[in-house]
Every structure is written in structure tokens, then in C-alpha cells.
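Enquirer: These are the residues of each chain, in order.
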Amino acid sequence: MPRLPRMRGPWATAWAVVASPWTPWALGLWVAAGAALGLVSEPGQHPASGLVLQLPAALLVFALVARDLGASTARLRWAALYAAGLATALVGGWLAGGEAGMAEVGGARPTESYTRTIAGRSAAAHLGAQLGATLSADGAALTLAMKEHHVGEAVLPLDGVREAHIGRWALHLVDVAPGDEPAYARLKLTPRGGGDPIERAVRTGSGAALEDGTQIAVLRLSPDFGRALGPAAQIQVDWEGGSATAWHFVDSPDLDARVGAAPWAIELVEVATEPRLVLGVRRDGPIGVALAGFGVMIAALLGLVFAGRREGRS
Amino acid sequence: MSGAVLLSLAGCALALLGGLFASSPLSARRYRAAAALAAALIVGGVWWVADPRGDFGHPITAEAVDANGAPVSTVLVLQRDGGRRQVRRLPLRRPVDGAEYALWAALLLGLLGGGLQYRTRDVGPRWLAPALPAAGAGAAAVMFARMGGLESGEAGVRAWLARFEVGAVQSFTVPDLPWSAQPEGTVALGVAAAVAALALASALWTTPRSGGERLIPIGAALAAAAVIWRMIEVGGLPWRPAEGALWAVAGLLAVAGLERSSALRASTLVGAALALAAVALGA
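First to last, the protein sequences are chains A and B. Numbering of the first sequence is given in my numbering, commencing with residue 1 and proceeding in unit increments. Numbering of the second sequence is given in my numbering, commencing with residue 1001 and proceeding in unit increments.
Be aware that a few hints might be false.
With the Cβ distance kept under 7 Å, some of the chain A side facing chain B (calculated, not the full set) [what the hints assert, rightly or not]: (1) 24; (2) 26; (3) 79; (4) 96; (5) 163; (6) 292; (7) 296; (8) 304; (9) 306.
Calculated directly from the structure, the hints in this document are not laboratory data. Just so it is clear, CB atoms sit at the ideal spot from N, CA and C, and this is done for glycine as well.
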């Protein structure tokens, strides 16, 4: 059993607090409360996270070792190893990145900054380049680029779990929020000469070419035309021998079919907004040290189990 | 559902089993109390997470999602007398009638059962105190699970509209796919019911054996392995609610595993870890 140096005054008081069996218990519950706060607050952005998570976790290391200094040598060895693993994991967590914040990116609206909480206040931090995102069935395609320099690109899965690494940043999907401006029109196109209808989604300012050479372009979109007539799209149709531009409305399916002259009858199915991606952004870093720390903790805990079995037998 | 969170929860369950079924009778009482309090904490956590406003006292609602997990909405065209025509897109979100009363009852029964178990002597039959949280959490879990019926088509939207005073609706759109509205936290409530049922089982079939405490460090090792799994799965270490919960669960179980002198302290930490893991899983 190791011998401790004799302590007096405030040193003895501090040691009594650190070595108290209640200290790890109280710190553990404090950490649990901090994690519960994290469960309901914006991820990683709680201004008190240093006080409720990092500091007690670091104190826990000392409290664990101090508690078992009076125990058997075998038990102390495993407790000390666990504490070393915990300390390594905490250092690894610090090395794995930081400067966490949130960025909002829409299809047509790239961003150059993200919002960080510094000392309890929101502040815009620069990404060093323009971050753009487009949503598809495979995920969110992210690009980070400047005019003269392409920093990187990645596809972020929509499961919200994994991270994408671009340049010196790591990004994960927090939310897909509905957009606030109309971005594209979903059209149902029926051949006037007979045949099955087809569907196309066409963005504002862009066009679609149909199989017979007809070009369809969406010039403007309105979520509620004249604040009275509902969603509408101004659509230009160019075909061999003619051209027509008109406003088309949702829920008026037979208007163009009756009066239109183009080879395709157009029905406006939906004026849709493009979702905005809310991304968690942080400075990227290696996770090897944190992984190693947890590996050491597992080894120490299993060692403790076998040490307990041997003590039980003897 | 994240496999890493499941593994962490399995570590908590193992630690709890060690305390419930393989310890001294007094120690087992402490773990039964911790299980009851964990069930109550889970119920409180579900309430907190399921309420979109994040506080108590408001009706709990369930957001409708289709088979792909995408939120479902309808576009309403409204025309009130003398007013302008309005077009509004509204998510199909259904209030879960009576859910707050069920959660209140489960929370109180969990706290009552836990408090009774912390006494050194039984009040009434031995099964009474652990039966209270089991009944409360079980009833709430069944109620939440029954809310997830499949709806579709025009009739489904009309049934949703019938809950509101929307006499001015001129027309509405119908989602392409069928949808269901499952309140959040059903899984966590199921875990709470299972934990309380285990505590009840340990009161009915007491099998005191020494050495069950060794299961706690094994559970802690599983929880630490869950953190490694999560970091590899994510490919990094963003600090999100799930990461915070997994790290805290691993730490709490380890401190409980290193604790030898007091079943009260160890069991409280196991209960807190269990509640965190369950809420992280079901949230």
C-alpha cells in the first residue's frame, strides 16, 4: 500500500475533498446533469459546457486515483490506468477539433461564414472560402471553393450521423429546414397529340429540353400570385414554329389544355421551396488519441474485473 | 437508431442486472430504487424531448412522416368572409390526446416507487413498490405505441383537419405517400417499462449472490466501447447530444464500477447512466 506524505492546513482539506468517496459520485452526477442539458440544447453550443462537462471530467481523473490510493496495489494499478485513459481521452477530445458552430446553406445561397458561440454570444467566423450545398437523394453535396481555388468537396449522408471532412473543417448535418423562397416548379407535361404525361422539376431561371426539341423555361415563381391566386409560375415554351409565355397556376389543370397552342399541355403541380441545410461546423482534428484513451479505459476496467476475481479467490 | 447508443444501453442494463440479481438483499433494494428513479427520469426526459417547446405543460404532438421518414405536409387554401385568400403549407402534426396525463402518472409512480424502495423495510407486500413504476411506465409506453397508426389519402387529411376550426378551407393538397404520426420517445418509454419490470422481477425472485458487482465494470467497458464505435461510425468527434450522453454514460458506469464501499452511490450512478442512455436512444 503506498504511503502518502503528511499534509496540513488547506492541503489536507483539499486532499480530504479530492479523496472523499462522495467526490467521484458528485462529479459523476454533475456530468450527467451537463449531458442532460446537452440533450435539449443546441449541440455543442451550451456556454456552460466547460463548467458542467470538461472541468468535472478532468477533476474526476484525480478523484479516482486519490480514492484508491489506500486500496490494494493491484486495484490501485487498474484505477490509475483507468485515470490515465480518461485523461488521454480528454486530451484527445481537445485535439479532435473545436471552434464548433452552425452554418446555414441553401441551394442558391452559399455561405462564407458560420455562427460560433463565444463567451455566450453569437459571432460569425469565416470559413476561408465559399461553402455551397445541393441536396439529392444520395445526400448533400458540399463544396468549399474560392474563385481561383477549389478547396474540396464531399457528399454528406442525410442520416445526420456521419461527418464530412473538407479542408480544415468537419461538417455534419443538423437539420434540413424548409426554405422560405420558391426555388423550383414541378410540372406535369402531357403531349397534346396523345401519350403518357411526364413530370419535370425546373428551377427558376433555368430550362428543360423535351424529347421533341421543345424547350421549357421557368422565368419567375410566386408563392401566392397577387396575394390572392395562390402559387404560380411564369413559364416560357419554345417549340418548332412558335413560342408562348404565360403564368400557370396550381389547381387549374385544364386551363392550358383548353387554350394552349404548344405541343405539350402544362400543369403546374407545385411551386416548391428549396430546403436550407443546417450544418454543424467544427475545426477538424485527429481522433486517434481519444480512441487510444478509451482503449486504455476498457483495458483498465477489464483488468479490474480480473483483479477482483483473484482477490475473491484468495 | 444508432448501434453505439444501443451498445451503451446494453452496458447499463448489464450493470443494473449485476446489482439487481447478484448482490446482497440490501444492495438489491438500492438497485431497485435506482431502477425506479431511472424509469421516472426517462419519463421526464421523454416529456422534455417530445414537447416541441421544450417545457412542461403543453400538449405533446406527433409529427407525421412518410415511409421514407420525410415530414408530411399539406397546402391549405383559406378564404374567410371578407378576407384575402391565403395559401399556407402546414405540417401534419397531431396532438397526442392525454399523453401529458399518462406521463404525469408514470413520473409520480416512478418517484413514489423509488422512494419506497430506498426505505430499509417494505411498506405493504414486497412487490408493491417496484410494481408502481412498472405499471406507470408500461401504461405510458403502450399508449404511445398505439398512437402510430397509418393514415393516407384525402380521408387522412380530412381527419387531421377535423381537429381544428378551419371552416374557411377551400381546398388542400394530399400527400403522395401514406404517413404515420408516432410520438417521439416511444422507445425510451419501452426501456423505462423494461427496467421497472426487471426491478419487479428481482423483488419477486430474489437470488442474492455475491460478486454481481463485477458486472458493473464489464458494463462500463461496453459503454466505453460504444464511444469508440460512435467515433469510428461518425468519422470524427463532433460534440452533439448523443456524444455527450455516450461519454457521460461511460464515465458514470466506470465510477460506479470503481465504487466498492456504498451500494447507494454505485446504484445511483448506474440509474443516472441508464436514464441518459435511454433518453439518448429514444429521443
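Enquirer: Taking the earlier hints as the rules, which of them does this structure contradict?
Expert: 2, 6, 7, 9
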